[in-house]
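Q: Protein chains in written order, with this note's numbering: chain H, 1 to 245; chain Y, 1 to 242; chain W, 1 to 226.
Source of the hints: derived by calculation from the structure; they are not laboratory data. The structure displayed is predicted, hence computed values, not measured ones. Careful, some of the hints might be misleading.
[Unchecked claim] Calculated lysine-lysine pairs in the DSSO-like style (CA-CA distance at most 30 Å, straight line):
| no. | chain 1 | residue 1 | chain 2 | residue 2 |
| --- | --- | --- | --- | --- |
| 1 | H | K141 | Y | K6 |
| 2 | Y | K116 | Y | K74 |
| 3 | H | K141 | Y | K238 |
| 4 | H | K141 | Y | K132 |
| 5 | W | K224 | H | K141 |
| 6 | Y | K93 | H | K141 |
| 7 | Y | K74 | Y | K26 |
| 8 | H | K141 | Y | K220 |
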Amino acid sequence: MAYNWNWGVFLQPTATGDDTYLGWMFYGFKMTIALSLSAWLIALAVGAVVGILRTVPNKLLAGIATAYVEVFRNIPLLVQLFLWYFVMPELLPEQLGNAFKQTNPILQQFLASMVCLALFTSARVAEQVRSGINSLPPGQKNAGLAMGFTLAQTYRHVLLPMAVRLIVPPLTSEFLNIFKNSAVCSTIGLLELAAQGRQLVDYTAQPYESFIAVTLAYLTINVVVMFGMRWVEARVRVPGYIGAK
Amino acid sequence: MISMNKVSKHFGTFQVLTDCTTQVHKGEVIVVCGPSGSGKSTLIKCVNGLEPFQSGEIIVNGVSVGDPKTNLSKLRSTVGMVFQNFELFPHMKIIDNLCIAQVKVLGRSLEQAREKGSKLLERVGLREQAEKFPGQLSGGQQQRVAIARALAMDPICMLFDEPTSALDPEMVNEVLDVMTELAQEGMTMMCVTHEMGFARRVASRVIFMDQGRIVEDDSKEAFFQNPRSERAQQFLAKILHH
Amino acid sequence: MHEFDWSSIPNALPFLWDGMKISLEITLSAVVFGIVWGTLLALMRLSSVSVLSWFAAAYVNLFRAVPLVMVLLWFFLIVPHLLERLFGLPPGSDVRLASAIAGFALFEAAYYSEIIRAGIQSVPKGQMAAASALGMTYGQSMRLVVLPQAFRNMVPLLLTQGIILFQDTSLVYVSALADFFGAAYKVGDRDGRLVELLLFAGVVYFIICFAASRLVRHFQNRLKTA
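Isolated chain H, as found in the complex (with noise of 0.2 Å):
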């Protein structure tokens, strides 16, 4: 029984007739870049204010920091997603948790996920921005201070500025991450990229074209996200510098 490769039936129109599987496609490929976009400005956001707290003196800072990071790393990804999309309505006040429930449920499936993958990955940013803090040698907090900086200042103007550098390469991967963990959320029944190509297989009897396509759609993300973060590395190079050990 050999396999009937088709590959036109991107160009057919939808079993809903509403438009083309290749739109479909082109549908879901948007929202996987929205949904992690969006979540990767918040993760940075949050991650780096976290990361920053868990090398403060302050030992009460520092532990709640240590303990925000210990919880969203020690729980799978899609339990913490359904926490997010099941549990926290219910926890909320009624009417605020009513409220999202009266919401688009496109709209609440995207804020779910946004939330959760945007969380999830600033626990993972703030480990990056933590070993990058504290890589850099420890005379360099010292000559901040020496010289009159206080210590927000001595941050500001000397440890973060070299340790944004050093962190680049690493936050790369966990920038293709974001991406990758995103195809999560189509369990709870956002149609992001994954779950148009599981929709496709579903109408369609040709899922070996679907998959195929749906990996190069994930493919080309990790090259222009490589490349990018490549020419972002460039950009901030200091010259002759060479490494911090």
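Could you slot chains Y and W onto chain H? The hints should help.
A: What follows is chains Y and W alone, placed relative to chain H:
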């Protein structure tokens, strides 16, 4: 200018400094030496509060360093410090390294800061390097920039924490020359260093430390001619045989 | 505000435990197969035979570029048909567990191979030279000298990857397998107590993974001081 009274410090049960007492008067150059692990770097970092201490008192220019009410940043902006590993900020050009604290801490305008910075670079012989990054300079050049950076703040005194021990031997002298010149101009200095030639040339007094205690605190003549403690004699014998 | 009712959990414990056993079974078999296949991939990647190193690089990069959920879905939707055809299994036989394990193992091998490759490269080149100088073949040098040292350095990373893999097993949810998370979801759905069961699942995962990562860190510190 700097006065220390019975300063003690411990990490857990490990005693790093025990009852250290000494004075540094205006215009004096104090050389602190001693075997590694004797606490000399810790002592000098206590002066500007980079290392906290548990008991005793340090007064710098009338301000108590250990007092929790003291504005440490303000105090530190008046005390220059030079580190063993230079600690220039690698992401900034040389000139920006000299300007950043002038602008952000002292509130000088960028032009004022650049003018001051250029003058000081000129003085340490590195004017042409202003637009380079620290990683593009040799160790000796970086340390001279670090001294200029500290001077840009118009400090009332300077602390040197082993400024030449991370340098290749051929670069030691260019840094010592700058320090000697500074001493001859009357800068108050406290230097942790093993460079006994430098001590002989410019020191007013020599402090010898061992196991967290100040064992000798004497004029350089007395220290070099007849050190009282056995440890100091051994130390000098070893150093001079280099 | 939600009114909590935890009463459906005690009765469901045996069912949840069965689910946990499936999660652990998938984790363990995927770790073992993943490390074996990952080691082979790493050796191919480092080999001087360009076909092998090219194949390994393509394999690793491909699997690292796509989401695990997609791979699992692919295995869930397509592999059973393939197996039926290849081995003449009666249609509808339950190969979900086997295909989930296969999917995980093939996917994780890509990640393991990168860890192992870095581990092999962290062994000083002189070790290989010294082994060859003693007259060992390439295979002997790898097996007796380089790999044992590499694995010792890598143990903490391999274990950490195992913890990540354990968390990822929850994704077999897409193939409707009743692993621990799937079981918790089913019970919650049946009793209308999804909130409680999901919170319970979250806490259980947290305790297991937190404890395991603490153990790994402890072990890592011991290794460092030894």
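Q: Does the structure keep K224(W) and K141(H) at a Cα separation of 30 Å or less?
A: 27 Å, holds
Q: Quick one, are K141(H) and K220(Y) close enough, alpha carbons at most 30 Å?
A: Distance ~34 Å between K141(H) and K220(Y) Cα, so the pair is violated.
Q: Taking only the CA atoms, is the gap from K141(H) to K132(Y) under or equal to 30 Å?
A: Holds. K141(H) to K132(Y) sits at ~22 Å (cutoff 30 Å).
Q: Compare the distance between the alpha carbons of K116(Y) and K74(Y) with 30 Å, and conclude whether the hinted pair is satisfied.
A: 20 Å, holds
Q: Would the pair K74(Y) and K26(Y) pass a check requiring their Cα atoms to be no farther apart than 30 Å?
A: 20 Å, holds
Q: Hey, K93(Y) versus K141(H), does the alpha-carbon distance stay inside 30 Å?
A: Within the cut-off at roughly 18 Å; holds.
Q: Under the criterion that the straight-line Cα-Cα distance not exceed 30 Å, is the pair K141(H), K238(Y) satisfied?
A: 34 Å, violated
Q: Going straight from one Cα to the other, do K141(H) and K6(Y) come out at no more than 30 Å?
A: Within the cut-off at roughly 27 Å; holds.
Going down the numbered hints, you'll see the structure goes against 3, 8, while the others check out.
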